[in-house]
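There are 2 protein chains.
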Amino acid sequence: MKKIINDPKNVVDEMVQGLVRSYPEYLERIPETGVVYRHDLKNIQGQVGIVSGGGSGHEPTHAGFVGDGMLSAAVCGEVFTSPTPDQIFEAIKKVDSGAGVFLVIKNYSGDVMNFEMAQDMAEMEDIKVKSIVVDDDIAVENSTYTQGRRGVAGTIFMHKVLGAAAAKGANLDELEQLAQKVLPNIKTIAVALSGATVPEVGKPGFTLGEDEIEYGVGIHGEPGYRREKLQPSKALVEELVGKLNQEFKFEKGDQVAVLVNGMGATPLMEQYIFMNDVLNKLADLGLEVKFTKVGSLMTSLEMAGISLTLFKVSDEIVENLNYATDTIAW
Amino acid sequence: MKKIINDPKNVVDEMVQGLVRSYPEYLERIPETGVVYRHDLKNIQGQVGIVSGGGSGHEPTHAGFVGDGMLSAAVCGEVFTSPTPDQIFEAIKKVDSGAGVFLVIKNYSGDVMNFEMAQDMAEMEDIKVKSIVVDDDIAVENSTYTQGRRGVAGTIFMHKVLGAAAAKGANLDELEQLAQKVLPNIKTIAVALSGATVPEVGKPGFTLGEDEIEYGVGIHGEPGYRREKLQPSKALVEELVGKLNQEFKFEKGDQVAVLVNGMGATPLMEQYIFMNDVLNKLADLGLEVKFTKVGSLMTSLEMAGISLTLFKVSDEIVENLNYATDTIAW
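Those sequence lines, one after another, are chains S and G. Take the first sequence: its letter number 17 is residue 17 in full-length UniProt numbering, and every next letter is one higher. Take the second sequence: its letter number 225 is residue 225 in full-length UniProt numbering, and every next letter is one higher.
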């Protein structure tokens, strides 16, 4: 294991320290927790707070999306491990200013359980809380840590859409309706070229041959659906867009937003080449691309690979995607 | 070689296509060249244009810094290969609106030669051009492709400072004075954990042992100054800040900007941990940190490692670093 760290036990604490010290104009930390919140919380008094979080190792998710027009706070668990209910509860209390708090949860059993417990704790203190569980990864049903489908990079679109709506003054019920409306329209699928190593474990979660790839791998190295020899970018796009289209059953003229997401070690050069092929393929399908984003946003430590998220959008949703946002990573 | 590409010969062309199609609100391309320029050039009529560029493989550098308050255009050469003089000349012509064009060149022999030829070509057409050659890498004197010191991640600080000054209305002479003033105050040093593979070459430029690192490696895999066993982050910081301090000879109270830059495959988690240790060390030295940035900004394809840039700053320079900027990657 070759990593730039000190003690593997302290990676998250030291990371959060480094993060908050690097960006004090964006983030503050609730001392001795993995909770980071907007430095300018006082400017959004009266708005619904948006909280997300989960295991660490997916940076810049989630903390990189805390800021104007997106998240109010993020809860950083240990690497690939759900944050505890009391940490999530601290985040909820911190960002509630009377209008309630909306939780964006990725669909992993630990996250769902702990966020729900935190929601219960908050409601006992009369804080109104609603939530959505994002399950955008179409690769497999059920997985190492998940009942149903996993929550992956499409969660960032959820952050963006809800963050914009909250900034525009949507109340808690309106945010819930919006989240439920867009949820089935966000779908993701990935391909991995190499695995990642959790610092405390010390060896890769999975390994692939010199010339081998795996379709459908999760962001914690959960198994995908097929291994084969490395293919050119265009062939990867055929496979992944094909799978997504089976789910969406797109019609000509459908509008989509596209996120090409690097898994950690994949150069931007490859992500742009892949996006170019994706846009060609979507044009072939007669889709209208209304929004595009490329970058390593929902990573899996140093995994190499790419995920592709398609989001079937209306003009109103595109407006939210383009809504002014000021965060470290959007 | 496991890369998400199609034909190794076409990686730059397909990358630039993907880039411009992903971000049409920022970038346009001069057809059949590697030149990308600001979509809103008409909004900066009368300002000095700022052009940078170089070999590809360092994304998001340079195209990711084209936009309001930074670069007017970027010239993307083949991977790790200088762009041709005629491409640079096209970029100069595109962004000149009468006030002249300032070139930011990284110190590699090919880049210096080709940018100077382009400058000559432009001057023959009565376009005023000035330039700066950035040589911030203190690791070694002379190198595979360089006389003197190499230009690396500190170049991004130069883009930012000059871009802000140009946006505020500085003329060509003022930009030249500013560039010459800040140049000796920007210094960088790196440590590599693994090498990178140029697509057309097909094998890594260098290899390191399972547990080995190399200090001072360049962004094209140029040799550094020492190999040893992997050290904890704190020890890497001791070494790199120590080397930088030998050059700067800091005094208590000196003000600095800090850039921790991932080389491509290094997770943000590690970059934040490293930054945390850097900030501790700079505090020990009595320095006042005025600006911080963390991210994979000047990469070397999928190289793993980090570079550390320190920039001795005045309040005026800090103002330029904080000046409003709208690009894909800053």
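A few of these clues could be false.
You can't tell identical chains apart in this list, so a pair holds if it fits in one copy or across any two.
[To be verified] The calculated DSSO-like cross-link candidates involving lysine-lysine, where the alpha carbons are at most 30 Å apart (straight line), are:
(1) K93 with K281
(2) K9 with K181
(3) K312 with K203
(4) K252 with K2
(5) K130 with K2
(6) K128 with K243
(7) K9 with K42
(8) K290 with K168
(9) K9 with K229
(10) K42 with K290
(11) K243 with K42
(12) K234 with K42
(13) K168 with K249
(14) K243 with K93
(15) K249 with K9
(16) K9 with K312
(17) K2 with K243
(18) K249 with K312
No lab work stands behind these hints, which were simulated from the structure alone. Given the structure is predicted, the values throughout are model-derived calculations rather than measurements.
Okay, the hints, checked on the actual structure:
In this assembly of identical chains, the alpha carbons of K93 and K281 never lie at most 30 Å apart, being 46 Å within a copy and 35 Å across copies at closest. Proximity of K9 and K181 under a CA criterion of 30 Å is satisfied in neither setting, with 40 Å inside one chain copy and 44 Å between copies. Within a single copy, K312 and K203 get their C-alpha atoms no closer than 38 Å, and across copies no closer than 40 Å, so neither meets the 30 Å cut-off. For the homomeric pair K252 and K2, neither the shortest alpha-carbon distance inside one copy (48 Å) nor that between copies (34 Å) is at most 30 Å.
In the homo-oligomer, the alpha carbons of K130 and K2 never lie at most 30 Å apart, since the shortest distance is 41 Å inside one protomer and 43 Å across protomers. Neither within a single protomer nor between protomers do K128 and K243 lie at most 30 Å apart by alpha-carbon distance, with minima of 38 Å and 54 Å respectively. In this assembly of identical chains, the alpha carbons of K9 and K42 never lie at most 30 Å apart, being 34 Å within a copy and 53 Å across copies at closest. Taking the shortest Cα distances, K290 and K168 sit within 30 Å of each other inside one copy (21 Å), while across copies they are farther apart (33 Å).
Taking the closest pair of Cα atoms, K9 and K229 come within 30 Å of each other only across two copies (21 Å); inside a single copy the shortest separation is 36 Å, beyond that limit. When the C-alpha separation of K42 and K290 is checked against a cutoff of 30 Å, the pair qualifies only between copies, where the shortest distance is 24 Å, while the shortest distance within a copy is 34 Å. When the C-alpha separation of K243 and K42 is checked against a cutoff of 30 Å, the pair qualifies neither within a copy, at 44 Å, nor between copies, at 42 Å. For the identical chains of this complex, K234 and K42 are neighbours neither inside a copy (48 Å) nor across copies (36 Å), given an alpha-carbon limit of 30 Å.
For a Cα distance limit of 30 Å, the shortest separation of K168 from K249 qualifies neither inside one copy, at 32 Å, nor across copies, at 51 Å. In this assembly of identical chains, the alpha carbons of K243 and K93 never lie at most 30 Å apart, being 41 Å within a copy and 45 Å across copies at closest. Proximity of K249 and K9 under a CA criterion of 30 Å is satisfied in neither setting, with 46 Å inside one chain copy and 35 Å between copies. Taking the closest pair of Cα atoms, K9 and K312 never come within 30 Å of each other, the shortest separation being 41 Å inside a single copy and 34 Å across copies.
Taking the closest pair of Cα atoms, K2 and K243 come within 30 Å of each other only across two copies (23 Å); inside a single copy the shortest separation is 35 Å, beyond that limit. Taking CA atoms no more than 30 Å apart as the test, K249 paired with K312 passes inside one copy only; the shortest distance there is 11 Å, against 56 Å between copies.
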